[in-house]
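K.L.:
Position in the sequence shown counted from 1, then plus 6, gives you the numbering used here.
To be clear, the hints were calculated from the coordinates, so they are not data collected in a lab. It is possible that some hints are incorrect.
In the DSS-like style, the derived pairs of lysine-lysine whose C-alpha atoms are separated by at most 30 Å in a straight line are [what the hints assert, rightly or not]: (1) Lys75 x Lys8; (2) Lys75 x Lys108; (3) Lys8 x Lys73; (4) Lys142 x Lys75; (5) Lys73 x Lys108; (6) Lys8 x Lys142; (7) Lys8 x Lys108; (8) Lys108 x Lys142.
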Amino acid sequence: MKHIVLATDGSTPSLQTIPVVLEFMRLWPDCRMTAVYVSSLESAYYPSVPGVLTIPNPETGEEEAAKIKADVVDSNFRDMLERVDFVHSYGHAAAVICDVAKQRGADLIVVGSHGRGSMDRLLLGSVSHGVLNRAKVSVLVVR
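Turn these sequences into a full structure, and let the hints guide you.
P.N.:
Structure, rendered in structure tokens:
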């Protein structure tokens, strides 16, 4: 194992992935990890209507990304920060996560079974489902 992408949104299911990734990082001391947080796009005119013109909201996105970086990366991976990166991007989470995995040459993507969205509470979260369908590498869904 050379590179793991950890998808996180700060939700409880995504935080449950941390012990798994920490164990992998201990088992493979040369393995790198990239934590990915994706800020969702908001509708410019109709915030509750999907598929309508979307724009990033940099103010809330950057604040939330800084909080997630501190809560997820800095506090949990402090003993291995030299092997850990954090990526914050805007877009559709599943597509961005898979793109980062491809760009970084990841061997594995680790995601929580559900995220923050209310629609994500169905059988399998929409982001984890989207990653499973798009990824070109192995995906571990942690429940």
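K.L.:
Quick one, are Lys8 and Lys142 close enough, alpha carbons at most 30 Å?
P.N.:
holds, 16 Å
K.L.:
Within a Cα-Cα threshold of 30 Å, do Lys108 and Lys142 meet the stated pairing?
P.N.:
holds, 8 Å
K.L.:
Are the Cα positions of Lys8 and Lys73 separated by 30 Å at most?
P.N.:
The given pair, whose Cα atoms are some 27 Å apart, holds under the 30 Å limit.
K.L.:
Under the criterion that the straight-line Cα-Cα distance not exceed 30 Å, is the pair Lys8, Lys108 satisfied?
P.N.:
Within the cut-off at roughly 13 Å; holds.
K.L.:
Can you confirm whether the C-alpha distance between Lys75 and Lys108 stays at or below 30 Å?
P.N.:
holds, 21 Å
K.L.:
Starting from Lys73, check that the Cα of Lys108 is at most 30 Å away, please.
P.N.:
holds, 26 Å
K.L.:
Holds or violated: are the alpha carbons of Lys75 and Lys8 at most 30 Å from each other?
P.N.:
With Cα atoms ~22 Å apart, Lys75 and Lys8 stay inside 30 Å; holds.
K.L.:
Quick one, are Lys142 and Lys75 close enough, alpha carbons at most 30 Å?
P.N.:
holds, 26 Å
When each numbered hint is compared with the structure, no violation occurs for any of them.
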